[in-house]
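The listed protein sequences derive, respectively, from chains L and R. For what it's worth, my numbering labels the leading residue of the first sequence as 1, then goes sequentially. For what it's worth, my numbering labels the leading residue of the second sequence as 1, then goes sequentially.
Calculated directly from the structure, the hints in this document are not laboratory data. There may be inaccurate statements among the hints.
Since the list gives no way to pick out one identical chain from another, each pair is judged satisfied if it fits inside one copy or across any two copies.
What the hints assert, rightly or not - Okay, derived cross-link-like pairs now, BS3-like style, lysine-lysine, Cα gap no bigger than 30 Å in a straight line: (1) K258 - K186; (2) K425 - K529; (3) K134 - K269; (4) K529 - K348; (5) K189 - K348; (6) K305 - K127; (7) K70 - K134; (8) K425 - K338.
None of these values were measured; they are calculated from a predicted model.
There are 2 protein chains.
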Amino acid sequence: MFQTFQSTTTPDQGPPRLSALREEMAGEGIDAFLVPRADAHQGEYVADRDERLAWLTGFTGSAGFAAILKDEAGVFVDGRYTLQVRAQVADDFTPVAWPSTKLEAWLGERLADGATLGFDPWLHTAKEVETLDKALSPKGVTLRHTENLIDRIWENQPALPAGRVEDQPLELTGRSSAEKRADLAKVLKDAGQNAVVLTLPDSISWLLNLRGRDLSHTPVVLAFAIVHADATVDLFTRPSKFSDHDTDPDIRIHRTEKFAPALGALEGKVRIDRATAPLAVSDIVASAGAEVVWGSDPCALPKAKKSEAEIAGTRQAHLRDGAAMVEFLAWLDQKAPKGKLTEIDVVKKLEGFRRATNALRGISFDTICGAGPNGAIVHYRVTDETNRPVRPGELLLIDSGGQYVDGTTDITRTVAVGDVGDEEKACFTKVLKGMIAISLARWPRGLAGRDLDPLARAALWRTGFDYDHGTGHGVGVYLGVHEGPQRLSRISEVPLEPGMILSNEPGYYREGAFGIRIENLVVVRDAEKQGDNRDQLSFETLTYVPIDRRLVDADALDRDERTWLNTYHAEVLDKLGPRLSAGARNWLTDACQPV
Amino acid sequence: MFQTFQSTTTPDQGPPRLSALREEMAGEGIDAFLVPRADAHQGEYVADRDERLAWLTGFTGSAGFAAILKDEAGVFVDGRYTLQVRAQVADDFTPVAWPSTKLEAWLGERLADGATLGFDPWLHTAKEVETLDKALSPKGVTLRHTENLIDRIWENQPALPAGRVEDQPLELTGRSSAEKRADLAKVLKDAGQNAVVLTLPDSISWLLNLRGRDLSHTPVVLAFAIVHADATVDLFTRPSKFSDHDTDPDIRIHRTEKFAPALGALEGKVRIDRATAPLAVSDIVASAGAEVVWGSDPCALPKAKKSEAEIAGTRQAHLRDGAAMVEFLAWLDQKAPKGKLTEIDVVKKLEGFRRATNALRGISFDTICGAGPNGAIVHYRVTDETNRPVRPGELLLIDSGGQYVDGTTDITRTVAVGDVGDEEKACFTKVLKGMIAISLARWPRGLAGRDLDPLARAALWRTGFDYDHGTGHGVGVYLGVHEGPQRLSRISEVPLEPGMILSNEPGYYREGAFGIRIENLVVVRDAEKQGDNRDQLSFETLTYVPIDRRLVDADALDRDERTWLNTYHAEVLDKLGPRLSAGARNWLTDACQPV
Chain L
1 MFQTFQSTTT PDQGPPRLSA LREEMAGEGI DAFLVPRADA HQGEYVADRD ERLAWLTGFT
61 GSAGFAAILK DEAGVFVDGR YTLQVRAQVA DDFTPVAWPS TKLEAWLGER LADGATLGFD
121 PWLHTAKEVE TLDKALSPKG VTLRHTENLI DRIWENQPAL PAGRVEDQPL ELTGRSSAEK
181 RADLAKVLKD AGQNAVVLTL PDSISWLLNL RGRDLSHTPV VLAFAIVHAD ATVDLFTRPS
241 KFSDHDTDPD IRIHRTEKFA PALGALEGKV RIDRATAPLA VSDIVASAGA EVVWGSDPCA
301 LPKAKKSEAE IAGTRQAHLR DGAAMVEFLA WLDQKAPKGK LTEIDVVKKL EGFRRATNAL
361 RGISFDTICG AGPNGAIVHY RVTDETNRPV RPGELLLIDS GGQYVDGTTD ITRTVAVGDV
421 GDEEKACFTK VLKGMIAISL ARWPRGLAGR DLDPLARAAL WRTGFDYDHG TGHGVGVYLG
481 VHEGPQRLSR ISEVPLEPGM ILSNEPGYYR EGAFGIRIEN LVVVRDAEKQ GDNRDQLSFE
541 TLTYVPIDRR LVDADALDRD ERTWLNTYHA EVLDKLGPRL SAGARNWLTD ACQPV
Chain R
1 MFQTFQSTTT PDQGPPRLSA LREEMAGEGI DAFLVPRADA HQGEYVADRD ERLAWLTGFT
61 GSAGFAAILK DEAGVFVDGR YTLQVRAQVA DDFTPVAWPS TKLEAWLGER LADGATLGFD
121 PWLHTAKEVE TLDKALSPKG VTLRHTENLI DRIWENQPAL PAGRVEDQPL ELTGRSSAEK
181 RADLAKVLKD AGQNAVVLTL PDSISWLLNL RGRDLSHTPV VLAFAIVHAD ATVDLFTRPS
241 KFSDHDTDPD IRIHRTEKFA PALGALEGKV RIDRATAPLA VSDIVASAGA EVVWGSDPCA
301 LPKAKKSEAE IAGTRQAHLR DGAAMVEFLA WLDQKAPKGK LTEIDVVKKL EGFRRATNAL
361 RGISFDTICG AGPNGAIVHY RVTDETNRPV RPGELLLIDS GGQYVDGTTD ITRTVAVGDV
421 GDEEKACFTK VLKGMIAISL ARWPRGLAGR DLDPLARAAL WRTGFDYDHG TGHGVGVYLG
481 VHEGPQRLSR ISEVPLEPGM ILSNEPGYYR EGAFGIRIEN LVVVRDAEKQ GDNRDQLSFE
541 TLTYVPIDRR LVDADALDRD ERTWLNTYHA EVLDKLGPRL SAGARNWLTD ACQPV
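Chain L on its own, in the form it takes in the complex:
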């Protein structure tokens, strides 16, 4: 199993570790120290050795940070983790609601004039530190770079991961690393820049057409890179990952420890992304006399705009994954109404169907499987403690995905277990209308995700409903299931461009009662000319898995919406039917009848 169900928290170990940290702080003469969940790569998933926040506090959520003072220890978490943090940390820690309480405000109220705030400059971006400095300098607080004090006291801290690298084949990437590097070198030359520093593992993995085994869920190679204007690359990682690997001589592999000295040897203009690179990177470059030029990670946008080969591969991954999902849904529909399943049973079985494809490299995130009221907890991850029976008469929300060599999937279906109430159906239909609105959308080139986001919400808004998450996030190809810069969200001003893969996942959550989310992945395409031949973009759907018709109030759909749903189901049957067991095929035939 890729997924585990233990609650990994160790609240009792928090207090002694906190004492040890405070001793180190005293020794350094600092009044406060920051412990972020982030590693130097600012990723969603971190290696075991970088789980400093969980090690210190017991809090295992995927986002947050701690600010440790002499007599107070704040653990900052967002609304998703309000309940979890209380259950996971000892009394010595104080949960703080973030971002309604900002770190700089919290520190500003507690640190006296003349106090010193210490932090590891490898774990914080230049942008973050600038925000802190602006707020705290006027109050007489000094910011000081330190060694990582957690690493100093963490006995048996795991080593850096050393997963073997693999080449991502050209037929799946569509573009060789040499081509990508040549394009990037041209960008640098045109800007008069000598080099760019890359610190995001998915950018580096994409640029070099490499995949790794360093993290769970995301097949990146954990590394730093310096790409020079001559298109050669210095790569900093654990070299053992490359043993027996036949690497292009233009890619020079070094031990991670050599990264800082290499930064110090750079000259001329060096491009660095202030929103993602550790402050240490720009500090070293600047203090060695080179000129830091702030600029966004130049791999982010080309990576987001998938090649035709990547799109074709992703289509295949979705059909494979879709067939596994249908086998699963057919099984679920047979078993669940009997009332004997739990959420963990469901998660295990789903992973089993995906494994049975013999192509699964990993799950793209821990499956979210919420029965009844658990479905309303947006980022619910079932553990042995929270495991709930799947009861007839309730909704079951299942959000899951797979990593395949040809693509990354992410799909949510909400299904009726036995007969459910009219209110659930009415809400499901509103969510479906939003999800269809995005599926059917065509729009003038140049619009951003912000401009489409309201289309997914309008039906819910009309009756006073909404959902407190974005409508969609970017998705990689055998890379991160969450990637930027593209997204469908009120806060996204990034224009949508052909080739970008996004999720389309409106939802509705009624606390204590039920949760609904319907999610397909889509890819932005030049729309086929029709009507007045305007220059428009549209989405091609990648995910093919039936949507539970029993939850659809067909009278609430308009003609376009009904046609979309029926056409989609006809395509699902057509594409997946030949890939299924006889039993699942029968089930699917029924599930795909027109509404």
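Fit chain R to the given chain L structure using the hints.
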């Protein structure tokens, strides 16, 4: 009649006037001179004496400007006026497509190093001049303020208008001028500003609860004002407008000629809106030693957020105007299918029905009445030359509005004359879906017009259609039919706030064939709590006039949309029925049957 149908252009007078202007330019030693359509108040409508662009060039459009060189005379107009400008100006003038060709670029290519560009600083804002200066100074072009050279050569230039002012009664404004001025004075005091200069007549008319008769279509008082931090006002206009008027002693009335000296006497910080105030204003204030503080017109937002009294008055104006519209539509429906009417007949009759209310103070703009292909010309204004028969089998688009003392209306209906084709009905239904989407919209407080605009377009976008104008503009209360800052448009980032009145007017235009637009006015309200009791805003509809059911493909509507349309029509019948003649009431009963 408020509306006339003559083509007022005089192309033959252009060349001698151009020669006279060039003589003045030579006398001043300038190489180029700007002639904008704008007056010192930057309004949509200008007084006769300010029609300098039309006087010089013959072009009578509502927007544009000319740049006169020694040997070339460019007339800059936007896409709406491409055809019109060619018909209206003599060969000595060169039409220029604006904004694709920018003024500064056009001048930059034509003016030599050392050249001088002259302009009247009362007719250009600081923002405009800054753009010119940035582009032209590096090329060695000098910008020089001059007298207005058109005024110097224009024999028999009309005088400034002197329409009598009227008080707008408290029961219609809901707030006294003293209250509004006290609030504004507080804003100034809080910002440490001694005064604000107001140059927009609708801001001044709103602040002083005055209305005037200086311009067609907009009942403002043409004036400038200085509002002091002690809440008193110096008002600059033609004092004869105020003869017999009982004016608050805190409002000191001066001749317009005293405005410049009064600006020169200001001290301390003076707030000026760089986007709307003439450059002359800030120049005079600054050169006299006061400190210019750029800030938006402080009346714009409070004026946009209507009081309950203003909303109540506007509701009444809409019912009165709606009843006139229904009498008109009943008449039209009887006469038009016989094929004997022209567009001008229709416009005259409509104005007649509005006049018959005995409450019409003016039409809020020249009625747009486009039969068949003329409906596709978005800003079409019928003249004797363009007048077209209203033919059975075609659509007729009528966009019109009235000025009443209690409110300003603006309504568009598109009606079938006899039997029209399925394509027209399909397109009408898509436009209607967009118009209903806005009518039904509820949204989280904080969204801007940009965020709602896509809801009005989604149904059209889906088949490759769109419309090249905003979805809605702000509307005043017995003031401008176009007002800012609120709008429903891709380019509007202004948050929508309760009390703002907007038009909701999606459309579809098929060149050479037909045009469709459906327009109601709506007002933003705090939405009644429902569903999850989220903090949402919604629109209340102000316009009650039936929508042509014969053009609706009811099968393409969803349940919400059908319910909205049927409920709307039931309300129309309920509200207007008692106000109608027997014949019109019968017609309306039929027109309001459910779909």
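Open item on the list: Hints numbered earlier in the text: which of these fail when held up against the supplied structure?
Closed with: 4 and 5
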